[in-house]
Every structure is written in C-alpha cells, then in structure tokens.
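Put together the whole structure using the sequences plus the hints.
Chain by chain, the residues run as shown.
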Amino acid sequence: MRFEQYQTGPFFDEMFEPDGTPRPAARALAHFISTMSEGELLHRQQSAERALLNMGITFNVYGDTSGTERIFPFDLVPRILAASEWAWIEQGLRQRIRALNLFIDDIYHDQKIIKDGVIPAEVVKTASSFRKQCVGLNPPGGVWCHVTGTDLVRNSDGQIYVLEDNLRCPSGVSYVLKNRVVMKRTFPQVFESSRIRPVDDYPGRLRDTLEAMSPQGVESPRVVVLTPGVHNSAYFEHSFLAQQMGVELVEGRDLVVSDGFVWMRTTKGFERVDVIYRRIDDDFLDPKCFRADSALGVPGLMDVYKSGRVAIANAPGTGVADDKVVYVYVPQMIRYYLNEEAIIPNVPTYLCARDEDRTYVLAHLPELVVKAANESGGYGMLVGPASTADEQAEFARRIEANPRNYIAQPTLSLSRVPTIIDGTFKGRHVDLRPYILYGRDIFVQPGGLTRVALREGSLVVNSSQGGGSKDTWVLADDLPGGATTPEPAPSSGRGSTQRQR
Amino acid sequence: MLARVAESIYWMSRYVERAENVARFVEVNLNLMLDLPAGAAQQWEPLVATTGDLDVFTERYGASTQQSVIQFLTFDDENPNSIRSCLRAARENARSVREIISSEMWEQLNKFYLSVNDAAGNTGSQTDHQELFTSVRMSGHLFTGVTDATMTHNEGWQFCRLGRLLERADKTSRILDVKYFLLLPTSYDVGTTSDDIQWAAVLRSASAFEMYRKAHGRIAPERIVEFLLLEKDFPRAIQYSLSHAREAMHAISGTPAGIYRYPVERMLGEICSELAYARVESIIAAGLHEYLDGLQTKVNQIGTGVAEAFFAARGLPPSRRKPRGRAAPASSTP
Numbered sequence: 000m001r002f003e004q005y006q007t008g009p010f011f012d013e014m015f016e017p018d019g020t021p022r023p024a025a026r027a028l029a030h031f032i033s034t035m036s037e038g039e040l041l042h043r044q045q046s047a048e049r050a051l052l053n054m055g056i057t058f059n060v061y062g063d064t065s066g067t068e069r070i071f072p073f074d075l076v077p078r079i080l081a082a083s084e085w086a087w088i089e090q091g092l093r094q095r096i097r098a099l100n101l102f103i104d105d106i107y108h109d110q111k112i113i114k115d116g117v118i119p120a121e122v123v124k125t126a127s128s129f130r131k132q133c134v135g136l137n138p139p140g141g142v143w144c145h146v147t148g149t150d151l152v153r154n155s156d157g158q159i160y161v162l163e164d165n166l167r168c169p170s171g172v173s174y175v176l177k178n179r180v181v182m183k184r185t186f187p188q189v190f191e192s193s194r195i196r197p198v199d200d201y202p203g204r205l206r207d208t209l210e211a212m213s214p215q216g217v218e219s220p221r222v223v224v225l226t227p228g229v230h231n232s233a234y235f236e237h238s239f240l241a242q243q244m245g246v247e248l249v250e251g252r253d254l255v256v257s258d259g260f261v262w263m264r265t266t267k268g269f270e271r272v273d274v275i276y277r278r279i280d281d282d283f284l285d286p287k288c289f290r291a292d293s294a295l296g297v298p299g300l301m302d303v304y305k306s307g308r309v310a311i312a313n314a315p316g317t318g319v320a321d322d323k324v325v326y327v328y329v330p331q332m333i334r335y336y337l338n339e340e341a342i343i344p345n346v347p348t349y350l351c352a353r354d355e356d357r358t359y360v361l362a363h364l365p366e367l368v369v370k371a372a373n374e375s376g377g378y379g380m381l382v383g384p385a386s387t388a389d390e391q392a393e394f395a396r397r398i399e400a401n402p403r404n405y406i407a408q409p410t411l412s413l414s415r416v417p418t419i420i421d422g423t424f425k426g427r428h429v430d431l432r433p434y435i436l437y438g439r440d441i442f443v444q445p446g447g448l449t450r451v452a453l454r455e456g457s458l459v460v461n462s463s464q465g466g467g468s469k470d471t472w473v474l475a476d477d478l479p480g481g482a483t484t485p486e487p488a489p490s491s492g493r494g495s496t497q498r499q500r
Numbered sequence: 000m001l002a003r004v005a006e007s008i009y010w011m012s013r014y015v016e017r018a019e020n021v022a023r024f025v026e027v028n029l030n031l032m033l034d035l036p037a038g039a040a041q042q043w044e045p046l047v048a049t050t051g052d053l054d055v056f057t058e059r060y061g062a063s064t065q066q067s068v069i070q071f072l073t074f075d076d077e078n079p080n081s082i083r084s085c086l087r088a089a090r091e092n093a094r095s096v097r098e099i100i101s102s103e104m105w106e107q108l109n110k111f112y113l114s115v116n117d118a119a120g121n122t123g124s125q126t127d128h129q130e131l132f133t134s135v136r137m138s139g140h141l142f143t144g145v146t147d148a149t150m151t152h153n154e155g156w157q158f159c160r161l162g163r164l165l166e167r168a169d170k171t172s173r174i175l176d177v178k179y180f181l182l183l184p185t186s187y188d189v190g191t192t193s194d195d196i197q198w199a200a201v202l203r204s205a206s207a208f209e210m211y212r213k214a215h216g217r218i219a220p221e222r223i224v225e226f227l228l229l230e231k232d233f234p235r236a237i238q239y240s241l242s243h244a245r246e247a248m249h250a251i252s253g254t255p256a257g258i259y260r261y262p263v264e265r266m267l268g269e270i271c272s273e274l275a276y277a278r279v280e281s282i283i284a285a286g287l288h289e290y291l292d293g294l295q296t297k298v299n300q301i302g303t304g305v306a307e308a309f310f311a312a313r314g315l316p317p318s319r320r321k322p323r324g325r326a327a328p329a330s331s332t333p
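Note that the protein sequences, when read in sequence, are chains A and B. Here the first sequence stands for residues 0 to 500, numbered as in numbering that gives the first Met the number 0. Here the second sequence stands for residues 0 to 333, numbered as in numbering that gives the first Met the number 0.
In short, the hints are calculated from the structure, not lab data. Each statement offered as a hint is correct.
Facing chain B, from chain A, some residues (calculated, C-beta under 10 Å):
| id | residue |
| --- | --- |
| 1 | Tyr-234 |
| 2 | Phe-235 |
| 3 | His-237 |
| 4 | Ala-241 |
| 5 | Leu-248 |
| 6 | Asp-253 |
| 7 | Met-263 |
| 8 | Arg-264 |
| 9 | Thr-265 |
For each residue, glycine too, the CB sits at the ideal point set by N, CA and C.
Structure, rendered in structure tokens:
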C-alpha cells in the first residue's frame, strides 16, 4: 500500500500537507510505511485485529439483543501530534478542568457566578443533570471531577476546538491502552526512532488519584471500581481498569451500608470500602437519595458520602458541567474564576432557548448539527447535511416543544487521517478525547483516544454509530529541521476568545 | 475475596465440569447401545432418568430415542443442563470475573463455548456426535489445565477446584448408575463377554480403563465399582474427588484439617470418612443404585452448604464490628 494515490481533499489532513508531503511529526511513519513491501501493512492490520479479537476487546450495543458483544474496529494508521501542539492542548485542558471544577463547587454552594450575572440562573436550574441533593457537599480536597474526557476536534482551518466535556463517567481509556500494546507490536521500529510518549502509566495514575481522595485517617484505603454489571456497554473497560489497578470490581449488590460505613460482602464476611470509582450514573447511585427504582446502586451510600466516610469519583452532581447549554458558558467561567482567557476555544453554538438563535436554527437545519443538551454517545443528534427532510421536520418539532433541551452548531469539517479501507488509504474524519485526572494535582494523559468515522464522509465517530479508533501518538520533542506544527489562522488562533453569540 | 466473585468462579468451574461429564455420560450410552446383542431394544430413557430430568424431557419430547436424548442433553437451549447451556452459563460467569481469572482461561472457555455453539447448527451423523463428545472432553481437560497453569493458587483457584470436584463426584456416581440401570433387566447375562464389554465402556467414559487395568487387570464388576467409587488416587473417583474438595474447602476457610467450623465442613468430612472405611461388597449387597442415590443427595446438600457458608454474606450488617483496626473518622458533616 502506498500513499501516492492518497487525496487530502478540501480537508485538514493530520498526516499530510495539502501538497502531499508528510507533516514533520509524521515523516518517520510515512517513510516507514513506504519501505514496507506490498501487502505487509494489510497483513499487519489483520494480525492487529485478530489480536484484539482474541483479547476479547469488545463493547455492548444497547438495543441490540442478538449478540451482545462487538469488536471496536481499530485502524493501524495513528494520529500524530507534535510536541509543541500537544503542550498547548495540555495547557488548555488544565485550564478548562480547573475552571469547570470551580464552577461545580460554586454551583453547589454560593452560586456566585449566577449572582454576579455571568451565567443566567435559568441555565443551571433547568439543567437535567443538576442534583439538588448535592447542594452543600464538600468532596475531599474540593475536587469534584477526578476523571474527565474532553472531546476535541480540528476544523478545516487547522484550529482545534473543544466539542464537549464529559465529566460523568467518560469511557474509552482502555482502548487507548490496548491499542498502544498492539501498535508497539506492529511498528517497533517507528517507536524506536520517534520518541513517542508512553500512555501505560494511566492505571497507576488513576489509582494514585483515587487513593489521594481517601477519607481522613485512612492510611491504606480500599479502592473499588463500581460497575452496573456485565451487560453495561463499557463492562470490558470497568473490568480492565480494576484488573490493571489491582483493585476489586464490585456491583451494587456487593456493597452494603451499615454503622455509617460502606462494606463489601466477601467470603470471610464484611470488609470496609474507602474509595469508590463509580462507573454508574448519579441517578442509579443510591435509591434512597436519587432514583428509588435503581437496582444498581447502594441504599444509604450518599449518607456515608456526606459524612466523609467514603469518597466517590467522580463526585455526584458533576454532570451539571457537561450539560451542552452550560458548555456555552465555559469561556466565561474561565475568565470569571481564573481571570484568564480560554486557551482552547469552544465551537460557536446556538442556544435554542434564545428566540433569535432558535429562529436561525429552524431556518438552517440542513447545514447545522443539532444536539440534545443532555445526551451523549451520538444519540439524540441531527447532522444537518446528512439528514432527510423528515428527520429535519422531526427535530424542528422537538426543538419547538423543548427549546432548552437543544443546541446547534455549524457543521464542522473535521480533520482527517489516512485510514485503511478495502486495502487502500482513504481520508476519514477523526476527533480526539484526551483523559484528565484531577487528584492532588492535574495529570493529562499524553494523547488520548482518537475516534474515527469509518463510513465515507461521516462525521459521527461514536462506537455505537459505526466509529472505530486509532492510536494517538504524542511526540516527546519536535523533530529537528521541521516546522513544529501547522499554525492555525492567526486572527482566530490559540489564546483568542470565542465570540459569544 | 468478594462473595459474588467466589460464587461466579465456583459455578464457572462447576458448569465446565458438568458439560464435560454430560459428554462422557452420553458417550457411555452410545457405546453401550452399539454393543447390545442383536435384536435387543435401544435403551435411552435410563440416561435421562439418571440425570434427574426425565419429567421435563417427557413433556417436551415424548418418546426417548437416540436422536431426541442426544438433542436434549447436548444442544437443547431450554435444558439448563445441556452441554450448550452449561457452557453458556460457564462463560457468563467467567465474563463477570474476567479481571480475577487469567486471560488464557477466558480465551479457552470462550473458544470452547463457540465451538459447541457452532456444532449445534449441524444435525450430524453419529460419527460427528462421537467427535463432538471427544472434543468436549478434551476442551474440558484443557480448561482445567490452563486454570492450574495460569492462575495463582489462591482463594479463587480453590473455589474453582471445589466446584469442579463436587461436580465430578456427582457425575461419576451417575455414570456408574447408567450401567447399573441397564444391567438389571438383563441380569441373566452377567459375567458374559457382552457384560465385560459394557463395563469396559463405563470405565472408558470415566477415562479410567487403562488405570483400572494397571490396578486390577481383569474386568470384574465389583472391582470396577470399587475403583470408581473408593479409589483414593484416581482423579475421577468419587473418593478422590471428595477428599480433594475437602482440602480445597479447608484452604478457603482456614479451618485446620480434621475439625470443622462450618456445618458444610462437617458434612463433607463425614462423607469422606464413610468412603474411606466403606467396603464395596456391603455397598453392592445393600443396593448400589440406592447407595449412589443417597450419595448424590449428600453432595447436593454440600452444594447448598457451600453457598450458605461462603456466598451468603447477605443481610448480616456488620454492626458493633470494629472497622479494620482503626478509629472511625469524626462523624460531623464536613
């Protein structure tokens, strides 16, 4: 397979300049692939897929009752980020997480940001992920969002934007770790020559983050991962992370609250639990506090949490910060809490709750992307240019019925990476989800999960909607002789503030 | 270890052993039927009778033919004890403890299940059946071997072993029972060539033929019963299975050998002692079938006892219990 026939098209290509020369960070890989014999890359792609299949790296699809497990498609051509560009992204993510954490803490206490008129009270009050039960809570160290996955996209002008924040239970990091294992086996020579930053220390870092939150006076805390069970779409990841951290994987029915503590049922009786990394939503955490019909949670858990005898990551209530309407105000939060300008801009967003915006959105549905404020995983979404008139009419109806629940954004022309499709390289659109840990300090895993829309022209990268994944390489230093990284248009470049609509 | 995890490991292992033994079980009957004297009627009903599922079977299939019995015991989705159902249950259990067992174990079990599931599509000839049962047996051995070679011999592994050995004790008793069932109506030819051939088939089903030969030489029904029931060194014998299950149980509970803390330890100890001092002549004189029946009931009671002792840490709030040797943090709301 050769890159000679490869077309970057009108898109920003992560690997090649528009004239077809490899970008500096991708030179080593492009050279290596060009020296491979015909058919060898395909052969390696097949053995990589077989390796993932045998390892059972699978996910479950909701609403699909036939076979519950599926392989998450994987493509061998990685997305490569230059050191300097990554440094900029990392700085932007740290800034964003600090501001979001301060926002959550403020919202569940004095709500100064509302009193000072920066965010309308309406926005928070109507966010379905706001939990009144969490008002006044003080999580250990003042940290609410211990694990965050922030979705980034690059537009055709080269600018990177934040598409959305995931502060509840972001998944996917297990694929980052497994993909890397496969890539090291496939391209050892490139790893030797390119100084790619490792990602393997994530489980250790996660465990440190969790142990750092343990209740006062507990020296060697017992940490557990709480899963909804084998039928959850991310069950593989829950089990993988528990295994890699060396902690127990528990279900709600394994835990019990008694005497003001949380205990787990073991073969030798009950043992105390100090820190819970929960991978179930707030609603299901404690039927006494949230949804009474939840069979997944632990009755009484929130009382123990309030008394400080157990720590929960992420803290209940963090979801308020990934509401898609709240998202619009993140640049203002950064200015308000940190007195800084947002480093990574937001995508310009229309709020359907605003009359003027709604009128515009309804008139321009065929060219916009419409999203429900509180959904994820690519559900509840309309991609205008790829939609039918019926679908547009349906969304118009939904928007009119519940304007607060919808936002719209221009259809971005996401950047592309060469991807092996039917034995040749084709450009396919990608996004990037870096993972951020917030314990005693902030750690950003170099790279993250690159998701790729495998269908031609598709912009939807979610695994539930025909997406696959790629390894993400962050170079340890910029290569000598090459320009560091493509500069985006200077006027709207990094450091500048997103215009409020 | 989490009670739920222990339970899943125990059942994973029991179900794999059960699948393997159902294959042995059908195999013995297939062989026996092939060696019947010309003109004798095929007997498949006793096989279902010995599994204890005769009512369900009759309701669903009516008459018992080779075809229907094999379908019921091998592929039937609705029979929870068919080979296919057992492997599905084993795999589901394994999936829920994937972070505890080794990935080699998971992969082996996954492949095992998929191969039987594939075979269910082909309504094959008798040769295919024979091949399938052989491959189920080998896959079962492979799983046990992989488990022993790749999993730390810790508490979880002991639960694996406990489940496997209890299941094996029960199933070996049933394999022995099949022959006994068949013999009764044709007791006139006891001691004939055809009888010897049948006993050899029973031994082969328990992978015991060669080992028996080394120990006793001649085919003699009493010695065969003794070998499968009371032999302390043959790994599929009931005495071996139960005394090693007892070892596993004491490793789990930490109770020294020879005494008991849980009722189930007493029950298991009692059976082991009984078998250790039993004489095969008196067992046969009193009725082998009755003896095996009683043994199966006791093994079932031990299964219930295991669940009560180790998996049922439910509804017992640890109040007035000191939290892991350290002071409780201040209870004021921060």
